[in-house]
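Protein chains: 2
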Amino acid sequence: MQLVSFVHKGINRVGVRCSATEVIAIGESSDAVNVTPPAMMDLILDGTDAAVRALDDAKNSAAQSIAIDDISWLPPVPMPGKIVGVAMNNSASNERKISAPDHPAFFLKPSSCLIGHKAAIQIRSYYGSVHPEPELAVVIGSTIRDVDVDDAMDGVFGYTIFNDITSNGMRAEDLFHYWALYSDDSDPEKLHRREQHLSYAARYKGTDTFGCMGPWLVTADDVPDPNNLNVQCSVGGEVIAKDSTRYYNYKIAEIISYLSQFQTLMPGDIISCGTAFKASPSGKTIHQANLQKIAGPVSVSIDGLGTLINTVLVDDKPIGQWRLPAQPELNQVS
Amino acid sequence: MQLVSFVHKGINRVGVRCSATEVIAIGESSDAVNVTPPAMMDLILDGTDAAVRALDDAKNSAAQSIAIDDISWLPPVPMPGKIVGVAMNNSASNERKISAPDHPAFFLKPSSCLIGHKAAIQIRSYYGSVHPEPELAVVIGSTIRDVDVDDAMDGVFGYTIFNDITSNGMRAEDLFHYWALYSDDSDPEKLHRREQHLSYAARYKGTDTFGCMGPWLVTADDVPDPNNLNVQCSVGGEVIAKDSTRYYNYKIAEIISYLSQFQTLMPGDIISCGTAFKASPSGKTIHQANLQKIAGPVSVSIDGLGTLINTVLVDDKPIGQWRLPAQPELNQVS
Numbered sequence: 040m041q042l043v044s045f046v047h048k049g050i051n052r053v054g055v056r057c058s059a060t061e062v063i064a065i066g067e068s069s070d071a072v073n074v075t076p077p078a079m080m081d082l083i084l085d086g087t088d089a090a091v092r093a094l095d096d097a098k099n100s101a102a103q104s105i106a107i108d109d110i111s112w113l114p115p116v117p118m119p120g121k122i123v124g125v126a127m128n129n130s131a132s133n134e135r136k137i138s139a140p141d142h143p144a145f146f147l148k149p150s151s152c153l154i155g156h157k158a159a160i161q162i163r164s165y166y167g168s169v170h171p172e173p174e175l176a177v178v179i180g181s182t183i184r185d186v187d188v189d190d191a192m193d194g195v196f197g198y199t200i201f202n203d204i205t206s207n208g209m210r211a212e213d214l215f216h217y218w219a220l221y222s223d224d225s226d227p228e229k230l231h232r233r234e235q236h237l238s239y240a241a242r243y244k245g246t247d248t249f250g251c252m253g254p255w256l257v258t259a260d261d262v263p264d265p266n267n268l269n270v271q272c273s274v275g276g277e278v279i280a281k282d283s284t285r286y287y288n289y290k291i292a293e294i295i296s297y298l299s300q301f302q303t304l305m306p307g308d309i310i311s312c313g314t315a316f317k318a319s320p321s322g323k324t325i326h327q328a329n330l331q332k333i334a335g336p337v338s339v340s341i342d343g344l345g346t347l348i349n350t351v352l353v354d355d356k357p358i359g360q361w362r363l364p365a366q367p368e369l370n371q372v373s
Numbered sequence: 040m041q042l043v044s045f046v047h048k049g050i051n052r053v054g055v056r057c058s059a060t061e062v063i064a065i066g067e068s069s070d071a072v073n074v075t076p077p078a079m080m081d082l083i084l085d086g087t088d089a090a091v092r093a094l095d096d097a098k099n100s101a102a103q104s105i106a107i108d109d110i111s112w113l114p115p116v117p118m119p120g121k122i123v124g125v126a127m128n129n130s131a132s133n134e135r136k137i138s139a140p141d142h143p144a145f146f147l148k149p150s151s152c153l154i155g156h157k158a159a160i161q162i163r164s165y166y167g168s169v170h171p172e173p174e175l176a177v178v179i180g181s182t183i184r185d186v187d188v189d190d191a192m193d194g195v196f197g198y199t200i201f202n203d204i205t206s207n208g209m210r211a212e213d214l215f216h217y218w219a220l221y222s223d224d225s226d227p228e229k230l231h232r233r234e235q236h237l238s239y240a241a242r243y244k245g246t247d248t249f250g251c252m253g254p255w256l257v258t259a260d261d262v263p264d265p266n267n268l269n270v271q272c273s274v275g276g277e278v279i280a281k282d283s284t285r286y287y288n289y290k291i292a293e294i295i296s297y298l299s300q301f302q303t304l305m306p307g308d309i310i311s312c313g314t315a316f317k318a319s320p321s322g323k324t325i326h327q328a329n330l331q332k333i334a335g336p337v338s339v340s341i342d343g344l345g346t347l348i349n350t351v352l353v354d355d356k357p358i359g360q361w362r363l364p365a366q367p368e369l370n371q372v373s
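If you read the sequences in order, they're chains A and B. Take 40 as the starting number for the first sequence in the working numbering and just add one per residue. Take 40 as the starting number for the second sequence in the working numbering and just add one per residue.
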């Protein structure tokens, strides 16, 4: 089942995509009855069977059929509790790793960065180089903590396409090279300095419109093997990645199980599982697709999940006035 | 005004702390009237004046007075849209920086990591070294994008205490040293390899119970100068930090203004402004407070905002089974 979050006649709705031209809206919505229609989060909390029943009810009302041309697409889950990205999970990047953890590593994106199908990726000149990262995203269906790998897939409600827009310009700016302090294992009073490199992802991964998601959510029962889906990404009609989720270093169950040993996953949470970036047959890669220089649209297709398309708007707006004239008072070194 | 989110008789409420022993609950709540009481987000959206009026109404009903001993404390904003942390914003860390950005850098924490006053920080042996980071947090009151520094404070609804629990054990594990690909500025087809160090913060900053917040929210009108507040942190009764927000490298208005050039800030969003970690007069620092080894409680006091206290629970639970027996199929190098 393909579930869609959308706006129709100014009202946020949720529905089922029944064909290339028609959505069946679930739940009543009219000015006459002062009722808030259900949202995707309600369907997730109620489960797939309840969504099927709601669809059957909706089908009996002709008023619930809406032409797809008349809707504006929202991200399938418009306000997830969290969006977790898996870092460098494509085995094609392994040969570029000098050292790396032996487990999945994660970053977060804020829900404020999300846009839906057909919305514009908005890029300002001061964002630096920006590129698309086509990914398979998991939508969590239940509350999960400490799930073993064998049971991890039971917590999946469905899948969607995620374009994890990334500014490697900002990434190169938000690096710290410094002397970190660590306490001694045997004597916590004693401190050691350790040279360390840290980087911070909230700007380069979390800027507005850096999370394209959709067009719709496909429930898990309709995706028999999420670890074997072809992924293709194009910019301006030219293919820049042709890859498959079977090349992830960590399978989806491993990602969910490992993450749940640290964080409680909640219904509606999104895990974007890693970038498909293997070069296209013509030799193009996502790293050549600097959206500051190459016009969109950007499209990402995944087997069985559809094609997510977003336009690109580049704006030469300079950064605003954010510094106070006064210098801060410096702290005494401890 | 001190606003409190809490649970009383199994129901989530919001109220005003009127004394050390009494909270006035805002809004009706009873089994007889099937009404959801307002939450902190409602008060934020309605603004401070509306909260004052709601308090006046509540004061007329004796039923609204609740003994503080009878409540369980929630984080003042239990489910913020996002929690943004400012990295290395204390000028006492400047002498340890070999290189650093010339603007604020940010990380995100998920709302699932939040706990309120008096709840336990839960630490497992496999989390590695974990320490507290006492911080001033801003609660955003309106939708903000591209705000100039002179207007930035208008968007603040209030302040609270944030203890940004951090595992530098996990931090040291989630580092990548690798050859990043960058396209040539003059010829995007051309790619250069650049040696880069990246680190990923979602585990070391976002694990469950790693965000202590509270005890309450103080509205902005009651905090005349947030850039000049003493901050003190103790573990097990021993002071490990004695510092002031006046030593931040970036003032609160600068942080809000800069962040808003990239991300839309929403009502209820939290910005935790940076760690106060200057050593205590006895020479102790937060880096010596490895909560795996030193028992709690952890308390953070900030002038005018109260004292946030959390106990510490260490658990020797091992990590669960998260690896599949099969090795992943490796991608062809592009």
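Think of the hints as simulated: they come from the structure by calculation, not from any bench. Glycine included, every Cβ here is placed at the ideal spot set by N, Cα and C. Do not take every clue at face value.
[Said to hold, decoys possible] Computed spacing ranges between beta-carbons, pair by pair: (1) N133/B with D85/A: 46 to 56 Å; (2) G343/B with N133/A: 26 to 36 Å; (3) M118/A with G343/B: 48 to 58 Å; (4) G276/A with V91/B: 22 to 32 Å; (5) G276/A with S225/B: 17 to 27 Å; (6) D342/A with G359/B: 23 to 33 Å; (7) E234/A with P263/B: 33 to 43 Å; (8) R232/A with D342/B: 30 to 40 Å.
Which of the stated hints cannot be reconciled with the structure, identified by number in ascending sequence?
2, 3, 4
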